[in-house]
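So you can see what is in the structure, the chains are spelled out below.
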Amino acid sequence: MKVERLRLRVFGVLRNFSDEDGFWNLELEHPVEIETGDDLKALIGSCYSSRNPSFDPAILEECALADGESILDPSEKLGSCDGLALLPPVCGG
Amino acid sequence: MNASLNRIEIEVSDSPIGADSICLQEFIRPDCGACDLFFGTVRGRNHGKDVVAVSYDAFVPLARAELRRIGEEALGAANTQGTVVIRHRTGKLAVGELSVLIAVFTPHRAQAFEACRFVIEELKKRAPIWKKEFYRDGETEWLKGHSLCGGL
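Chains as they are written, first to last, in the numbering used here: chain A, 1 to 93; chain B, 94 to 245.
Honestly, the hints are just simulated from the structure, not real lab data. Values in this document were obtained by computation on a predicted structure and should not be read as measured data. Any given hint could be a false lead.
[To be verified] Calculated lysine to aspartate or glutamate pairs in the DMTMM-like style (CA-CA distance at most 25 angstroms, straight line):
(1) B:Lys237 to A:Asp19
(2) B:Lys237 to B:Asp107
(3) B:Lys237 to A:Asp67
(4) B:Lys225 to A:Glu20
(5) B:Lys237 to B:Glu215
(6) B:Lys237 to A:Glu69
Please model the complete structure; the sequences and the hints are all you need to start from.
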C-alpha cells in the first residue's frame with residue numbers, strides 16, 4: 001500500500017463541499033498500482049465522506065477524473081496525482 | 094476536405110460577450126460565403142422557477158481543448174472547411190446576458206447551419222462547464238447535466 005497526498009480540483013456541485021475554493025485535500029492509502037476508475041473514486045469518496053458526513057459518495061459515480069488535457073481512461077493506472085480534477089456531469093451553454 | 098485550412102478560435106473567460114464582441118470582418122475569408130451565428134443568453138425562467146442569475150464554472154484548460162476538438166469535428170461532420178469561433182463565459186451573469194457565442198464560416202449556408210448546431214449540441218454534452226442557477230426565492234442549484242464518465 002502507498003499513502004499519498006492528493007490535491008484534487010473540484011467543480012460544479014462538488015464545490016459545495018470543497019475544503020478551500022475549488023480543492024479537496026486528501027490523504028489516500030491505496031494499492032501501489034490503482035486504476036483511475038471506480039476503485040480510485042470509491043477511495044476518494046470514502047476518504048472525503050469520513051471527514052464530511054453530509055457528503056454522499058454516490059455522487060461520484062457519475063463523475064470523471066481528468067487532467068488538464070483529457071478525461072482519464074478508467075482503466076489507466078494512476079501515475080502522478082498532480083493536477084487531477086474531479087468533474088461532475090456538465091451543463092454548459 | 095483539407096483540415097489545415099480550418100481555423101478554430103476558442104475563448105473561455107469571464108470577459109463579457111456582447112452582440113458586437115465579434116468582429117465578423119476579422120474572420121471573413123474568400124473561400125467562405127456563409128456565416129452562421131449563435132448566441133446563448135441567460136433565461137429568466139427554468140423548470141418553473143424564476144431565475145435571477147446564473148454562475149458558470151469551468152475547468153478552463155480542458156474546456157479550451159475540448160471546444161477546439163468540437164470545432165474541428167463540427168467542420169468534419171459538415172464535410173467542409175472553414176472557421177469556427179467559440180466563446181463561453183465564466184462567472185456570474187444576470188438574466189439576458191450572453192453566455193455563449195458560436196460563429197461558423199463555411200463555403201455554403203447548409204454547412205454553416207449544420208456545423209453551428211453540432212457545436213452547441215456537443216458543447217452542452219462534452220465541455221467541462223457547469224451552471225449554477227440563482228432563483229428569486231433565494232435558493233440556488235447546480236444543474237444536472239451529462240456525465241463525462243464515458244470519456245470525451
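Discussion item. Are any of the numbered hints broken by this structure? If so, which, sorted upward?
Written reply: none
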